[in-house]
Each structure stands twice: as structure tokens, then as C-alpha cells.
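Asker: Chains as they are written, first to last, in the working numbering: chain A, 76 to 193; chain B, 3 to 117.
There's no promise every hint is true.
Think about it this way: if two alpha-carbon atoms lie no more than 35 Å apart in a straight line, the pair counts; the simulated DSBU-like pairs of lysine-lysine are [stated by the list, open to error]:
hint, chain 1, residue 1, chain 2, residue 2
1, B, 7, A, 132
2, A, 130, B, 70
3, A, 130, B, 39
4, A, 78, B, 58
5, B, 56, A, 146
6, B, 116, A, 78
7, A, 132, B, 116
FYI, nobody ran anything at the bench for these hints, they're computed from the structure.
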Amino acid sequence: DVKVTQSSRYLVKRTGEKVFLECVQDMDHENMFWYRQDPGLGLRLIYFSYDVKMKEKGDIPEGYSVSREKKERFSLILESASTNQTSMYLCASSFPRTGLARGAGELFFGEGSRLTVL
Amino acid sequence: DQQVKQNSPSLSVQEGRISILNCDYTNSMFDYFLWYKKYPAEGPTFLISISSIKDKNEDGRFTVFLNKSAKHLSLHIVPSQPGDSAVYFCAATPDGSSNTGKLIFGQGTTLQVKP
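Okay, chain B solo, but in the shape it has when bound:
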């Protein structure tokens, strides 16, 4: 049972344009969402996060939007750069009251930004 889903395995955009990566979740108890970026042969690195009490969080070229009623979040990258080419994982934490901090990850979306 995939609680966090990234339905697009891959995305290709032109340099300078917007990249939009989507993520859906099923568990209404999720209260914190994160995006990670992963280059080949490296571990994932934290990119941006959003709490369920917000609907938008921005950090430079990266913005995450959260639509709780639709159980959907998206990551916008503007403008996209070739160095953004990587696998992007959406993650959610199911532990609203516990402190273990474990994350449930989606399948990942491979972003290719063409020069």
C-alpha cells in the first residue's frame, strides 16, 4: 500500500522553464512533508519542507505547495537549471505525535533539465 505516490517516473524540461513535480498521499495523519534530491551514487539530500499548517513554502528557486483537501503537494523549480537534473523524492512523516521522525517516501521522479 503506497501511502505516498509520485505518479510521474520522469519529467523533462528546458533550461529556464518551470519544473513541476507532483506528489499525492493517502494518509490524512501526515503532518509534515519534505522533498529530497538525489544524484546518482550519492545519498538523498534535503531540499525543502512544509508543515501541514501551511499551504506554501518558498526557498529561492524552490517552492512547495500543499493542498490538504486534495492530499496533494507539488514542488516548483523556477527557473530550472541543468544542475537540477536528479531524482526527486517526496516524503511524509506519519507520526503526528511521536518523535521517531521516520519518513515515508514516494517512488521518485527523475527530472532532466535540457540546456
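Bound-form chain A, shown alone:
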């Protein structure tokens, strides 16, 4: 079974703190993603990476950065946390879209990290 593990299920931080969210996958997936889930807004893509040291902005990258130093690990960084970053953060991984035989876009998600910024 594919396993995507997020380091913290629940975090409480103060405004201005630096926050690290870690994600590790064990399926040798090339692609990794960070989404946030908010009520009424669904899942919105923050950043994604299709290779080590490669990253691309998603739809809402402002206030976030990422790091991918190893293939299995993808970190999301909030340089200075703000209250509007209180959310559920979901990490996911997948193979590249090389056709239907490789799943063609199926993402495997971690259990999520619930971040509260006070």
C-alpha cells in the first residue's frame, strides 16, 4: 500500500512563527503536492514538485515556500504564520502521467495536518 505520512496531525502556532510541515512518501513517486482544504473552497493547490529540487507554484503560493531535497520528502514552510493560514494541510504524491497504466493523475494523500494559528 502507498503510504504518505505527514509529520504532525495537529499543530497550534502563534502569529509570526515559522512553521514546518513535513511529508514523506514510500512509493518512489516523482510528483508531490501540498494542498489546503477550507470549508466551501475545497482543496486548493499551494505548491507541487515533479522532481528533486524542482518546484512549481500552485494556485495559492503566497505566504508559503517548499523544499524537496530528497525524492521521498516534501516540506511546506510558512515563513511567518498568519491567522488566515489556519487550515487543514494535505500532502499528496503520484507517478507522472505517462498514461492510464500509471494511474493518470491519481493522487495518494496523507491524513492531513490541522494547523491553527493564534
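Guided by the hints, dock chain B onto chain A, whose structure is given.
Answerer: Structure of chain B alone, referenced to chain A:
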């Protein structure tokens, strides 16, 4: 600009009846569509998918229909069971030729199946 829309925030059905969840999209370049199911305090899990070259895909109690001309897809669950109660997300991949595999998600529909 919401490219994938689920206009019904919630749906309630009786156990044993059909559940129909709807999804609309605006981008004609989307070529692959997926449904995910999410329980509280868990990550979403893949449910079923459909390629734009098909109009129907079936997997047990779950069937997804795609109407490309209307840019609309729907998920049918028959018969519905209480364990199906969850949030359902529709997703589409906009990368027809690239391999990044990123997905654009809708807002989600909360399904409640009553015993």
C-alpha cells in the same frame, strides 16, 4: 476563478436509494476526471475516474458519467449505504500533455446517507 464546481454543498439520501453527485467544469482542456472521498480527520482517498474519451465508467456501486458537450460529470452511488457518508470531491487534471499530474478540485459535496 473556480474551474471545477460542485454547486451542491450537501446531499441527504435514504439508505438503499441512489445518490447523485454533480460536478461542472469550465476548461475544455481537462482530459481526465476523478472522484475522491474524504472522511473527517482523514486524507481524501481515490474512488473512481474517467478519461475524456469515455462517457461512462463503472466500479461496483459507483458509476461516473461524463457529458463533454455540457462540461458536466456526475457520480452515481447505487445502492447508497450509511458508510458512504463523507465529503466527495470532484477533480480534473488540466495538463493534457504534461506529466505533472496536478489536480484541480471542486468545493466538495457532503453526502449523508440515513439508515
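Asker: Next, verify each hint and record whether it holds.
Answerer: Structure-based check of all given hints:
no.	hint	result
1	B:7 <-> A:132	22 Å, holds
2	A:130 <-> B:70	32 Å, holds
3	A:130 <-> B:39	27 Å, holds
4	A:78 <-> B:58	30 Å, holds
5	B:56 <-> A:146	34 Å, holds
6	B:116 <-> A:78	32 Å, holds
7	A:132 <-> B:116	41 Å, violated
Hint 7 from the list above is the single one not met by this structure.
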